[in-house]
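Asks: As they're listed, the protein sequences go chains A and H.
FYI, the numbering for the first sequence is 94 to 392, going by my numbering.
FYI, the numbering for the second sequence is 15 to 255, going by my numbering.
Just so you know, these hints were derived from the structure itself, not from any lab.
Owing to the predicted nature of the structure, the values given are computational and were not obtained by experimental measurement.
Backbone N, C-alpha and C fix where the C-beta goes; we use that ideal spot for every residue, glycine too.
Treat the hints with care, as some may be off.
Unchecked claim - Derived lysine-lysine pairs resembling DSS-like cross-links, with alpha carbons at most 27 Å apart: (1) A:Lys174 to H:Lys84; (2) A:Lys174 to H:Lys80; (3) H:Lys226 to H:Lys84; (4) A:Lys144 to A:Lys293; (5) A:Lys379 to H:Lys144; (6) H:Lys90 to A:Lys176; (7) A:Lys371 to H:Lys113; (8) H:Lys144 to A:Lys371; (9) A:Lys377 to H:Lys113; (10) A:Lys377 to H:Lys144.
Stated by the list, open to error - Chain A stretches covered by chain H per the calculated footprint, using a threshold of three residues with CB under 8 Å from any CB of chain H: (11) 238 to 252; (12) 255 to 261.
Letter by letter, the chains look like this.
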Amino acid sequence: MEYILGIFELSAINLVAVLGLSILTGFTGLFSFGHAGFMAIGAYVGGILTKNLHYPFWVAIIAAGLSAGLVSIVIGRLTLKLKGDYFCIATMGFGEAVRLIFSNMNYVNGARGLADIPQFKGASLAIPFVVAVIAIVVAWNLVNSRQGRNMVAVREEELAAQMAGINVLGSKMVAMIASAVLAGVAGALMANFIGFIAPKSFNMTKSTELTIIVIFGGLGSISGSVIGAFLLTALPELLRAFSDWRLVFYGLAVIVIMVGRPQGLLGGSELTPSGIRKMLADRKAKAAFARAKAGGRES
Amino acid sequence: MSMLNVNDLHVSYGGIRALRGVTLEVMQGEIVTIIGANGAGKSTLLNAISGFLRPGQGEMHFKGEKIEMKPSRIVKAGICHVPEGRLIFANLTVEDNLKLGAYLRTDRKKIAQDLERVYGLFPRLRERMKQLSGTLSGGEQQMLAMGRALMTDGDLVLLDEPSLGLAPLLVKTVFDIILEFRDLGKTILLVEQNAYKALHIADRAYVLEQGKIVKSGAAKAIAEDPAVKEAYLGAKSTTAG
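Please model the complete structure; the sequences and the hints are all you need to start from.
Replies: If you want it as structure tokens, here you go:
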């Protein structure tokens, strides 16, 4: 029972980070391979505050989000003017730099990691779920606000968005900060859930994992990210019986989805009543279009 | 009244100097065209005016005020840019694309009127208003891009190669629409490779060569200029053996 609960806890924590990346990658079109860096900042801030300074969990979580957000402002200033691949590479560099800094910091035990961090137990085990729900609400409201529509416009056609008068750099910055805050919060949750953090938990594999989940769930879909986070966090655990083979199955599952549904599980649509209606209407329109096309060819 | 003043504008891409001291003026209500070969710097000039590129040197004034180098402010001030290659939002419907043009405006009534006006000007867009704009033909997309520019309600319209890649009949339509833009009170700065058509509808013209203005004057006079005729209008040189 505790094991199952643990999987759900981990899924909820991953979900918070994935939602952050979903805002940046799925809605604004900026691919980041350094989000584990923001998680690391959150995890260490949270870990130090709860372990060394004995602050309550909530204070640590909020402080973790804020500090990751602050760092993202600096990083955003430096990198958001870069286009496409260059932004990717810069974020990758950032992620690795953060990892190396923590590996060489004596205060946090360097590469040996920070152990004996106070863990969630009893009632406080609910914290990750509460935070995940808050994160869903925040992300949902953000992407459906004017600001969110600006982000989508920037993703779709940056120059055209600029010509309509959208502050492109500003929109990217908002997306960057929001995603970093969520990643930082997820980092703190991780630290307090597992009780131990080491720099190598936040390497590029972690960043890539987050990106895979966002793409798997579908770019531009909050509900897709939610489903993706739960499925892909639980999957390796369900496959634990296959021991060494489980990562192969994990990879296969991702490949099958990408081949069968290149747009991801729910690319661009949402699992809400109106979202489902829209999906069905689109499908109908597409079928009608195909029929008309076929009919036109015959005549 | 002077609408746009560009004074000694220099723009470089790295070490390559694309514009080397361009000075030009556009008066209110005019159609001014810039003609020149590929790589002369025509698009660079328009992109610098709308703030997508940062000039290395030089000043620009719009309605007497210095242009701030921020694209969103420039749109707000009233300069609207119809880019080369159209750049519409392919996944939005025609109507949503048009509404996006009015992004910075808040006067709902006027926006609705302008939308009607655009549909009046482009009946094709009305027919297709619920269609995804990525499925439009090239000519329709150009119309959509021009309609979107009208929706910004700017006073100065920058048109970058509006006839690029269009069938001859559509080219004519596009140029007719440019004239209608003027009748609506817009001032137009037109960049075109189709120099013949452009000189035909313009009031004044500038000839841009390797980042410098080499000739300017009334469009009719430029069209008669032997050197221009030879280089851009396809006339045989009379001096050559």
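Asks: Are any of the numbered hints broken by this structure? If so, which, sorted upward?
Replies: Going through the list in order, the structure violates no hint and respects every one.
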